[in-house]
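Taking the hints into account, I'd like the entire structure generated from these sequences.
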Amino acid sequence: MAVAAESPEHVAGRRKGRRAEGEKGTRTLSVFKASPATYAVLLVVSALFFVPFILMISISLASDQTSAQNAFTVFPTEFEWSNFTDVFTATGLPVGRFVLNSVLIATLSAVGQVLSSSLVGYAFARLRAPGKGVMFMIVLATMMIPAQITMIPQFLLFKELGWVNTYLPLIIPNFFTNAFNVFLVRQFVSRISGELDEAAQMDGLGYFGVYRKIILPMMWPILTAIAIFTLTHAWGDFMGPLIYLNSEESMPLALGLQYMTSTSNAMQLPPWNLVMVGSIILTLPMIAIYYLGQKYLYEMNLQGGSAGVK
Amino acid sequence: MTTTVDEAPGAVRPARRAGRRRPKMSKRRKKEAFFFWLFISPWLIGFVGFLLGPMIASVYISLTEWDSFTPPEWVGLDNYAKALTEDPIFWKALWNTFFYAAISVPLGLVIGVWLANLLNKRVRGRKLFRTFIYLPTLVPLVATAMVFKMVLAPSGPFNDMLGWFGIEGPQWLLSATWIKPALIILSVWGAGAATVLLLSAMNGIPRELYEAAEIDGASAWRQFWAVTFPQITPVIFFNLIMGLIGAFQIFSQVYILAPNNNVGGPDNASQMMVTMLFQEAFSFYHFGYASAVAWLLFLVIMTFTVIAFRTSRKWVFYETEVR
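Heads up: the protein sequence lines correspond to chains U and P, in order. Numbering-wise (the UniProt record's numbering), the first sequence opens with residue 1 and increments by one. Numbering-wise (the UniProt record's numbering), the second sequence opens with residue 1 and increments by one.
Certain hints may be false.
[To be verified] The calculated lysine-lysine pairs, modelled on DSSO-like cross-linking and capped at a C-alpha distance of 27 Å, are:
#, chain 1, residue 1, chain 2, residue 2
1, U, Lys33, P, Lys121
2, U, Lys132, U, Lys213
3, P, Lys31, U, Lys132
4, U, Lys33, P, Lys127
5, P, Lys82, P, Lys92
6, P, Lys180, P, Lys82
7, U, Lys295, P, Lys127
8, P, Lys24, U, Lys132
9, U, Lys213, P, Lys31
10, P, Lys27, U, Lys213
11, P, Lys27, U, Lys132
12, U, Lys132, P, Lys30
Worth flagging that the hints you see were computed from the coordinates, not collected in a lab. Please read all numbers here as calculations on a predicted model, not as lab measurements.
Printed below as a string of C-alpha cells:
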C-alpha cells in the first residue's frame, strides 16, 4: 500500500525547491490571495479544534466537587493544581506504576524495532542472494494483512507460552521488526552510495562490520523516525494491553485511564478532573516527542508515503 | 556492490533473473547469501511465527468451534454461515462500520482539502493555524476519547454550548441515533493529519501552472479544480486508502465511548466489526466464530481497497507515469 502511495510524496519532495507560492519577491497570484473570509474560516476552525484542549485543561484544574456535579466550564474558573499530584495518590489505582509501565513498554518496543529493522533493512538493500526478490515481495504483501487476522492465534500462542499478564506480548514481537519499517530502512539504505562499504570490505571488514561500522551510523535519521513512530504507537496502544494485561500493576497509562473511568460504579461519575490530568500526562510526551523529532518524521514521510504520526 | 538507487520496490527485475541462470555460485556469493539470510532472520522468524503461522491457524480455527479450554470441534463453514445468515449483530456491525467509514473518511478528506487550500494561500500566521489544526492528531486516541466522552455527556460542555444557541442537545453516547455521529465528530478532530500532507503536496505544485491559468482568466474556483485538485489526487488517494483501512478497524474509540463498558453501545448502534470480533473472542471465548469474523473483515477491507485502486485510474493523476 505504501508502495503505490510513495510516488506523490517523492514528487512533492523533489519539487520543494520551487514552491508554488514563493514567500518573497513574486507578485501574489489571485488564487493565493487570502480574503477576510479565509481568515474567518481559519480562525473558527482553529478555535473549534482547540476547544477540546481548553476543556481538557479546565477540567483537569476543576475541584472534586465540580467534578462530582459534572458542572464544568469551558474556560478554567478553578485552579486545583493539587490534582496533578492527587492523580497519583487519590484514585486508589497505581497511576505512577501505569506511567512507568508505559515508559517501559514503549522504550523497549522502540529498541526492538530499531535493532531489528536496521539489520533486516540493510540486508535487503545491500546483500545479494537468490530468493531475495521473492522475500521482498512477501515483505510488501504482509503490509496488507490486518492485525485482526493474527490477533486470536497470537493470543492463544502467548497464552500457551504463559505470557499473558506480562509485557512480553507487547514488546517481543517488536524485536522481529515489521514489514513497513523494513521497507523504510531498505529504501533509505538504497540511497546511500555503495562506494564506502565496498572500500570497507576491501579493507577486510565483514558484512556485519559494514553494517555496524559504516551503514548503521548513517542510518540514524530513519532510525530516529522509526523509534518515534514505535514510541508513539506503543505509548498510545489500547487494544494490545486490553487483550494481554488485566492486573492493575501491569497496565500502561492508556489502559489505566479507561480503567479509572470504569471502576466507579454506574451511578457515580468517574473522577473526571483526575482522568483529564491523566489524559494530559498521556498527551504531553507525544507532543514533546513530535516537536523534537519533527524533521525525522518528515524524512519518513518522504521515504514511504506517509507514516502518519499516529 | 549493488547500488539499486531508487529502484521501484515492486519491480525485482524478473526479466533479468529469468534470462540469466548462474550455473554455480562462487564461494564469495555463497557467503554473501548466507549473511543475507542470517540478517533477515529476525524478520523471517517473526513472519513465520507471528504472521504466517497465526494466519494458517486462524483459517483452521475459523472452521471450528473452540473456547480454548476444550478441544476444538470441526464445524466446516458453519461459522461463516452463522455470521452471514443467522447473526443479526454481524450485519448490524457491518452496517455500522460501513456507515462510519462512508461518512468519516470522505468528510475528513473534504475538510482536509478545504483547510489545506486555505492554508496554501498567503495567510499571515500560517504556521500557527497549521499547528492548531495539526495538534489534535498528536493526542493519543485514548486521551481523545476520554475528552469526548466527557464533552458529550448529556449535561456536558458540548450540550451546554448548544444550549447557548437555544438548541437542546441529544444524549449523544447514550442514544442509538447519535452515537455514530459522535464517533464521526471525533474522527474529524483528527483531520489535521490529512491537511498537513495535502498542504505539502499543494506546496509542490509548480507556480507556472497557476500563472498560465491566470492569464487564461480562470477564476480561483476554476483554478482549484483544474490545477490544484488534479495535482493533489495522489495524496487524496493515499489518504483515502489509509483512511478506509483505519475506519474499518475502528476499535479503541468505540470501546471507550460506549456507555458503561457495553461495547456495542445502545441497541448495538456502535457495534463495529472489530468490537464485535473482540467481544466474541475475549468476552465470550468464541474463538472459532471470532476468527471467521476476522476473515470476513479482511475480505471487506480487501474489496474496498481493490475498488479504490480500480477506480483510481479514472481520477488519480500521476504526472510521472513513465516507468
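(request) Compare the structure with the hints numbered earlier in the document and write down the numbers of the violated ones, lowest to highest. (result) none
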